[in-house]
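If you read the sequences in order, they're chains A and B.
The letter at position 142 of the first sequence is residue 142 when you use this note's numbering, and the numbering goes up by one with no holes.
The letter at position 152 of the second sequence is residue 152 when you use this note's numbering, and the numbering goes up by one with no holes.
For the record, the hints were derived by calculation from the structure and aren't laboratory data.
Don't take every hint at face value.
To be verified - Dumping the calculated SDA-like pairs for lysine to any residue here, alpha-carbon to alpha-carbon at most 20 Å: (1) Lys2(A) with Asn149(B); (2) Lys89(A) with Leu105(A); (3) Lys2(B) with Gly152(A); (4) Lys2(B) with Asp140(A); (5) Lys3(B) with Thr94(A); (6) Lys74(A) with Asp183(A); (7) Lys27(A) with Thr125(A); (8) Lys74(B) with Glu144(B); (9) Lys27(A) with Ser151(A); (10) Lys27(A) with Lys74(A); (11) Lys3(A) with Lys2(B); (12) Lys2(B) with Arg180(A); (13) Lys74(A) with Glu113(A); (14) Lys74(A) with Lys74(B); (15) Lys89(B) with Asp26(B); (16) Lys27(A) with Glu73(A); (17) Lys3(A) with Thr99(B); (18) Lys3(A) with Ser151(B); (19) Lys2(A) with Asp155(B); (20) Lys3(B) with Ser151(A); (21) Lys3(B) with Thr99(A); (22) Lys27(B) with Asp107(B); (23) Lys89(A) with Gly182(B); (24) Lys2(B) with Gly87(A); (25) Lys74(A) with Asp26(B); (26) Lys74(A) with Glu144(A); (27) Lys89(A) with Ser72(A); (28) Lys27(A) with Gly112(A); (29) Lys74(B) with Gly87(A); (30) Lys74(B) with Glu158(A).
Unchecked claim - Residues of chain A placed beyond 12 Å of chain B at every Cβ, according to the derived structure: (31) Gly37; (32) Gln42; (33) Val61; (34) Arg63; (35) Tyr81; (36) Gly87; (37) Lys142.
For each residue, glycine too, the CB sits at the ideal point set by N, CA and C.
There are 2 protein chains.
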Amino acid sequence: MKKSLGPNMLVYPAPIWVVGTYDADDKPNAMLAACGGACCMQPPCISVALRPATYSHEAIVARRAFTVSVPSEKFVAQADYLGRASGRKEDKFTVAGLTPVRSELVDAPYVGEFPLVMECRLVHTAELGMHTLFVGEIVDVKAEESVLNESGSPDMTEIAPLVYDIGTRKYLGIGDVVGRRGDASAKIV
Amino acid sequence: MKKSLGPNMLVYPAPIWVVGTYDADDKPNAMLAACGGACCMQPPCISVALRPATYSHEAIVARRAFTVSVPSEKFVAQADYLGRASGRKEDKFTVAGLTPVRSELVDAPYVGEFPLVMECRLVHTAELGMHTLFVGEIVDVKAEESVLNESGSPDMTEIAPLVYDIGTRKYLGIGDVVGRRGDASAKIV
């Protein structure tokens, strides 16, 4: 029996990403985002949604660029901090002990310690209400060699990204492989 | 040391969602989507990205509505099937053994067996290239009482959603709780 929970952004699972930007003084900033997702294969695009009040929002509008860095599970404390402090008041990279790396492709920094990063140029903006949806074209993905499999593809188990439980405000890791695309259907009873 | 993987939609983690629509004959259809994410808290919005060639794409454009049903891990075979067949040729709900439930709020069906569903009216569309980004306002979330905690919030561990590894085409479950928003920061060394 289903119960109505009303109009709510109870979206499962949500990713935990870190959005990297430069402010007007070229200071690198990083914020946590759980609102976003892949949105086009060709050109490859990703969306992130930010409140206009955030420091990162004005940076994306000004530079028309951002990065998305994917923290591993072991960086949960840093990720949580990046979601609670503001780059307007703090040098968040320094406090978190993380290294801003200047992208050579877009006007934004990424997190050196995180295993996979996407460098994006802004291609679409939509004002939806409390959040602005930014769509970035992924001009390059960079990954630590340690998370690549023998075919050269990233393996999510090695990346060990976080997922966010919006309802209970918990961070979770990812679990076991339960199927492979094209093979799983054999199991329909 | 990071390796460049080029411009690719290597987005981690990606959700596994089932998008529900009605076709021109009122036949319910369901397709798998791994491209999408939360995108606004107020009004609550979610995005899904579909290729224009899909049967579901024309249904969303025509009805200006869709649902997102979140399959539990145990429905991995059904989810996989819904991602490989086309509603243009098959009655996918029937083949998958799933029950289409007519939403009373939007002009689309959801999957009765899945633990959490979102009923959405289309509020924004963006043509990005190979995919069209559809943003839906979530007019209601419905969840099985069995996945709600004592506060009445969904608990992701009970929902047991799938995440998708785009690089290796594997479906994974979710893992253990590794932190709670606001508490995790104590661990920064």
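Violating hint indices (sorted, rising):
2, 5, 6, 7, 9, 10, 11, 12, 14, 16, 24, 25, 27, 29, 30, 31, 32, 35, 37
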